[in-house]
Amino acid sequence: KLRKLASLVQSKYGEFLYKHLILFPSVEEFGGSLSVEAITDFVDNGGYVLVAGRSNPRDALMELAFKCEFEVDEENAAVIDHLNYDISGSEDHTLVGASPENLINSEIVIGKKSVGPLLYRGTGLLADMENPLVLLRVVFTDCSYVPDAPINEYPHTRTLLIAALQARNNATVVFSGSLYFFSVSTVQRAQDENLHNKSDNQDMATFISKWVFGGNGVRVRSDKHLKTRLERKKIPPVAYTITEPVVNETLAADGKWQPFQVNDIQLEFVRIDPFVRTTLSHIGGGRFRPYSRSPMCMASKFKVDYDRIGYAHLYSTTQVSVQPPTLTQYERFIPAYPYYVSTYSMMVGNAFFSFLR
1 KLRKLASLVQ SKYGEFLYKH LILFPSVEEF GGSLSVEAIT DFVDNGGYVL
51 VAGRSNPRDA LMELAFKCEF EVDEENAAVI DHLNYDISGS EDHTLVGASP
101 ENLINSEIVI GKKSVGPLLY RGTGLLADME NPLVLLRVVF TDCSYVPDAP
151 INEYPHTRTL LIAALQARNN ATVVFSGSLY FFSVSTVQRA QDENLHNKSD
201 NQDMATFISK WVFGGNGVRV RSDKHLKTRL ERKKIPPVAY TITEPVVNET
251 LAADGKWQPF QVNDIQLEFV RIDPFVRTTL SHIGGGRFRP YSRSPMCMAS
301 KFKVDYDRIG YAHLYSTTQV SVQPPTLTQY ERFIPAYPYY VSTYSMMVGN
351 AFFSFLR
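Residues in the sequence shown are numbered consecutively from 1, following the UniProt record's numbering.
To be clear, the hints were calculated from the coordinates, so they are not data collected in a lab.
Just so it is clear, the structure is predicted and the values come from calculations on it, not from any experiment.
Warning: the hint list may mix true and false statements.
As the list claims (entries may be wrong) - Calculated cross-link-like contacts (lysine-lysine; reagent style DSBU-like; alpha-carbon spacing at most 35 Å):
1) K303 x K112
2) K113 x K210
3) K19 x K113
4) K113 x K301
To be verified - Between beta-carbon pairs, the in silico distance windows are:
5) E37 x T317: 48 to 58 Å
6) T279 x N76: 21 to 31 Å
7) D307 x P147: 33 to 43 Å
8) Y18 x H313: 19 to 29 Å
9) I309 x K19: 16 to 26 Å
10) V276 x G215: 49 to 59 Å
11) Y18 x T279: 38 to 48 Å
By construction, the Cβ of each residue, glycine as well, lies at the ideal position given by its N, Cα and C atoms.
Model the full structure from these sequences, guided by the hints.
So, in structure tokens, the structure goes:
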């Protein structure tokens, strides 16, 4: 929708009208009821946002970036690279040909890394150094500065091109300092003899957009726990007994909710701290299953806490009870062998001494 429309609203009667929001603004402020506060409230309620700016970011965009823990460079500043630039661009070398080697190493976010350069014309970003979702960073030859201004101080090299924020409620915000990044054109980088028919921006922008809008992710479809002897009956027990073999089966999925295949999901048997921690074995079809024995008597829970870069935080718990064995479950003869030995030895002794008389 156009920003001048008065009907530009995100929510009505306390419910959001959209799940995804794309902001490619070139205005001083948003129109309608759209504002920085409305967008941050949208994120707080689990919304997905994709934002792209340019070399002259507006106040609304800079404020939104600050709310999302990013910092946009000063007005009219641009990312400059005098070595890795597109030779068909302007002489100020602000049309940077970013290398795909500087992309985040996460296939869920960017898919398979591209081989061609990525065009970028825009301003730089700053983010927390501990932010794991830096999607595209600069090389040491890049800097962010006002092209026409004299360089009076050394520009830092901590500039980021594209970064993301994933909130605790799995809401995702992607910030790009370049609207030009979401375009397709022929590119030939300096220091590169190959002329590429097109940059890899289209594929990369498509994959990043798919990720930020929840097209790639993981969820728990079902979670079951069984006693091994009841596994065929698929009946979850009311309670477990100490040292009883337990099987917990989790079915996860991703993409179009296809079976998820990974080998680093762990299951914890938790009371206050984990008493048992074991890796889930993938048994095919997106099913993961560990075998363990129930620990001491307690009211505890099975917990799967899967938190990986690029994935939604996967958290699943199931509370179970563990009780001591009942009287009928104790073994009768073998644990009482001292009593039986003493009894029979006394009988044999009495018979022996009676015979001696």
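Review point. Per the hint of 49 to 59 Å, is the separation of the Cβ atoms of V276 and G215 within bounds?
Key: 35 Å Cβ-Cβ, so the 49 to 59 Å window is violated.
Check your understanding: Holds or violated: are the alpha carbons of K113 and K301 at most 35 Å from each other?
Key -> The given pair, whose Cα atoms are some 40 Å apart, is violated under the 35 Å limit.
Check your understanding: Given the hint that K113 pairs with K210, does the C-alpha gap stay at or below 35 Å?
Key -> Holds. K113 to K210 sits at ~15 Å (cutoff 35 Å).
Check your understanding: Do the alpha carbons of K19 and K113 lie within 35 Å of each other, as the hint requires?
Key -> OK: K19 and K113 at ~28 Å, within 35 Å.
Check your understanding: Per the hint of 33 to 43 Å, is the separation of the Cβ atoms of D307 and P147 within bounds?
Key -> holds (41 Å)
**Study point:** Distance restraint evaluation - Y18, T279, Cβ atoms, bounds 38 to 48 Å
**Key:** About 39 Å separates the Cβ atoms of Y18 and T279, which means 38 to 48 Å holds.
**Study point:** Pairwise beta carbon distance, E37 to T317, judged against the given window 48 to 58 Å
**Key:** violated (34 Å)
Check your understanding: Between T279 and N76, does the C-beta distance stay in 21 to 31 Å?
Key -> Check failed, 53 Å falls outside 21 to 31 Å.
Review point. Would you say the C-beta atoms of I309 and K19 sit inside 16 to 26 Å of each other?
Key: Holds - the Cβ-Cβ distance for I309 and K19, about 23 Å, lies within 16 to 26 Å.
Check your understanding: Lying within 19 to 29 Å: is that true of the beta-carbon distance Y18 to H313?
Key -> holds (23 Å)
Practice item. With a cut-off of 35 Å on the C-alpha distance, tell me whether K303 and K112 pass. Key: It holds: about 32 Å lies between the C-alpha atoms, which stays within 35 Å.
Hint check: violations occur at hints 4, 5, 6 and 10; the rest are consistent with the structure.
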